[in-house]
Amino acid sequence: MNLAQRVGRLAELHVERRLTEKGWLCGNFNVSVENASSWDLFVKKGHKTRVIRVKGSSSFDVTWTVPHGPGALFKGSPTDDPCDWTAIVVMAFTEPVTYLLPTAELVRAVLDANLPAKWRILHLHFRQTNRTVGHPGQYGLDLKFERFQENWELE
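Using the numbering used here, you'd call the opening residue of the sequence shown number 290 and step up by one each time.
Simulated from the structure, these hints should not be mistaken for laboratory data. Values in this document were obtained by computation on a predicted structure and should not be read as measured data. Be aware that one or more of the hints could be misleading.
Straight line, CA to CA, 16 Å or less: simulated EDC-like cross-link-like pairs of lysine to aspartate or glutamate [to be verified]: (1) Lys337 to Asp370; (2) Lys333 to Asp350; (3) Lys337 to Asp431; (4) Lys333 to Glu444.
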């Protein structure tokens, strides 16, 4: 397991643990399908069901490959489904900071950035409100997604 996979696995475990503490019943797709392509977790609490993609980073720059470009962030998956959520876990602090938001919100933010279609790496920058680094991406997402920080009720 390489470093990126370890960081991703730790992010999944963090989200699973916190959701379980909040009363959610959690299952992990990767237990039966190693590195499942679409979602990582499925959770249920009362009448609410969610499937969750977990993206983790050990820095404020959450990066992942988008083989079909930023316009097709999660190709093949209906991201407008209200049950489809994304957890972004920033592990650059003593305790991880987690943003839990509907995947549609994340996709909308990426599309609003008008990133060139040829890009295959997506950078989501937290704690940085302007473009002062050598590569492009979405900046200041800690402010944009503030209402989703530690949103363990998934509402």
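Now for the hints, and whether the structure bears them out:
no.	hint	result
1	Lys337 to Asp370	13 Å, holds
2	Lys333 to Asp350	30 Å, violated
3	Lys337 to Asp431	26 Å, violated
4	Lys333 to Glu444	13 Å, holds
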